[in-house]
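Chemist: So you can see what is in the structure, the chains are spelled out below.
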Amino acid sequence: MVQATAPLSPVVQAEALTKIFRDFWHRPKVRAVNGVDFEVMPGKIFGLLGPNGSGKSTILKMILGLLVPTGGSLRVFGLSPRHVRSKERIGYLPEESSLYPYLTAEEILYFYAGLFDLSRSERRARIDQLLAMVGLSHARRRQVGEFSKGMLRRIGLAQALINDPDLVVLDEPTSGLDPVGCRQVKDLILTLARRGKTVLLSSHLLADMEDICDRVAILCDGAIIVQGAVRDLLERRESYRLVFPVLAPDLLDKVLASLQHDTGVTPDVDHPKRTLEEFFLNAVERARQQAPTYTGVAPTSGVADYLFQKSAEDAAEKERHE
Amino acid sequence: MNRILAIAGLTLRSAVRSKVFALLVILVMGGILGLPLIMKSDGTLAGQVQLFLQYTLGLAVALLSVMAVWAGAGAVSLEVEGRQIQLVAVKPVGALELWLGKWLGLMVINIVLLALTGAMILGLLLWTTRPSLLSEADRVRLREEILVARSDVLPEEQGKAPLRRERHPPVAPGKAGQWEFNLPARARAGDSVFLQFHFVTSRPDHPAPVAGLWLIGSDGGSGLLRYPVSGAANQVYAFKVPVPAGARRLNVSYLNTEETTPVTILFDAADSVKLQIHESRFEANYLRALLMVLARLAFFSALGLTAGVVFSFPVAVFVSLALLLVSVVNRWMQQVVAGGWVDMINEDSAGPVIRLGAKFIQVVFVALNALMPSLERLDPLDFLPGGMLISWGLVGKAWLMLACVYAGILALAGAWLFRRRELGLPAD
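Quick note, the sequences are listed as chains W and D, same order.
To get my numbering, take the position in the first sequence, counting from 1, and add 242.
To get my numbering, take the position in the second sequence, counting from 1, and add 1.
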């Protein structure tokens, strides 16, 4: 007997969402977001893509309750974005560092953990794990005012995860990071999604979005011009690509001739290429293995245990529903 | 509560690690230490001590008040400017929790700074009046008249309510004026009761001094005590009165004995003749004075904090200080407004615009007077340097009014305004 289960409700649901910025005299100045509709489903990575000024950050800030929509409706976990209960389940990494420069990395995390009513021992444990995860354990007692941009992104990411959030909102998460850091952040985002977390991110780095997003919405002048699953949007259904291991020249000619004979089209042949990112990461990894010293950021230690534990429970719950 | 404490701790850290704050602390400490070096008193020990208390404590209170407003105004506005507030606002923190956390942190700073400055001033005072520097007579005078907490006992009017508003009849040459005092129980031991008086003459051009004789009797005493005096008008005089054990009433008479240039004496103020009785030690009074100052600082911090929720940092500081200025000159403004300053404008020459403008300012002042607390009435410096008692009732009134009622209203207003503010607006 098949048991019917309720469909999963969206984590974020926007309908005709509009934001108009007004001047001092309350006259409309800029229509930053114009009647946007989208849904972010649980456990998915949703990307907002668009040129500068297209309204990505404005949408994120409305979701976070930092801006009030002018029109339309917006629900986060079925509640108003300004509701304290919805905020308990959100982690946020802003585009620019908004951390207190006079606090140390450890104090920053301790402070934000305090805002979630975590017990003292739980705070300590999470701080240790997160600092190890973002590779800043050795810099835990340094004031963040002395941090490089990359280190600031890392500590910002750690504070976004301090409450083990169900929804992680990341505004340009890889901005300011070197390729190694970018890869680590992307891996982390993928891991979080695998563990049942919902990730909403904005970026104008198309390669990053392509690597990690399940769905994207492309914005231009405050409106969504395209949205859908990344695979569907990028797939070119009018052609096929075949990948073979290296073939002997005679055999290759034979295959090509056969294809040309049957289809009347001459196929393109070349060698698959690695991405520059992949090549760079391998080169850095080899260099580090030979001389394991580092400055600024230390090698990281995967994902914090508590993110795994709770996420695994959530994933199991989700599987039961499905 | 964890959230409030976390925000309070952060506010404390930000102040401790701020260079501007450190500079202000050094300024306060330097002012307290440096001011006595440039002060000039009337040459008497009592005058010197009074001046020291008035000026050093006055300076410390003024600087701490400015610091409280400054730190309060910056607590939120600077975080809005630096966008740190965004990361706090996206956490599950209520607006009132944020306000209270900030205020609590500011209060800890106020307490620490006030304790430091208070201890410094008291230490300096005790060091400059240490026994090895003073004669026995000076020490006794200081302990009985300045470094003490005394309260006033006003005369009765024939056993009725205390004589407060009525003027005492003039005392013509050769005539006597009379007053009766009910002694409170704590004064009946009788070792530290002073009679204080001041007077004016019917002729402003009268050459000083004026001779007179005070006669004091009590219900438990055997006879009249006689105190001949000679002094100029418009000065305050006091002398110690021994009160017999068990005495409940004092009968005081003043005989006008001026013969060289006879003149009528007027004791025309409600407190022209009064008794001063010892209530408590100076140190306890000093502690109560500091508690009153702390209540004022609690209000100043709250005012700055709420202004900082609405305005940018410089505007918040300006608005807060302007409102404080209004509070400080509250009584004077009330007198001006009550006196009808609009009437001072020449009705014939002033146009309707000027008259309307004056009326508008009058309305604004009346509204501000109604909105702001009268800080002048809760100023410990009106009491402490004169050796006057600061009662626990007055301390309680200051805390109730400033730290509870006014700070509470500011807290609610600040939280409401914070909730309405869009913190994610793009920078202009």
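Hint data in this document are derived by calculation from the structure and do not stem from the laboratory.
Watch out, some of these pointers could steer you wrong.
Stretch-level coverage of chain D by chain W, calculated; a stretch enters the list once three of its residues show a Cβ under 8 Å from a Cβ in chain W [to be verified]:
| hint | stretch |
| --- | --- |
| 1 | 74 to 86 |
| 2 | 235 to 241 |
| 3 | 294 to 306 |
| 4 | 314 to 327 |
Footprint (simulated), chain D over chain W, 3 or more residues, beta carbon under 8 Å [claimed, not checked]:
| hint | stretch |
| --- | --- |
| 5 | 423 to 433 |
| 6 | 487 to 494 |
Here are some, though not all, of the chain W residues that point toward chain D, as calculated from beta-carbon distances under 7 Å [unchecked claim]:
| hint | residue |
| --- | --- |
| 7 | K303 |
| 8 | L306 |
| 9 | K329 |
| 10 | E330 |
| 11 | E337 |
| 12 | S340 |
| 13 | G356 |
| 14 | L447 |
| 15 | C462 |
| 16 | F522 |
| 17 | L523 |
Remember, it's a predicted structure, so these values are computed and weren't measured experimentally.
Using N, Cα and C, we set each Cβ at its ideal position, and we do this for glycine too.
Chemist: If any of the earlier hints don't hold here, list their numbers in rising order.
Modeler: 2, 3, 4, 5, 6, 11, 14, 15, 16 and 17
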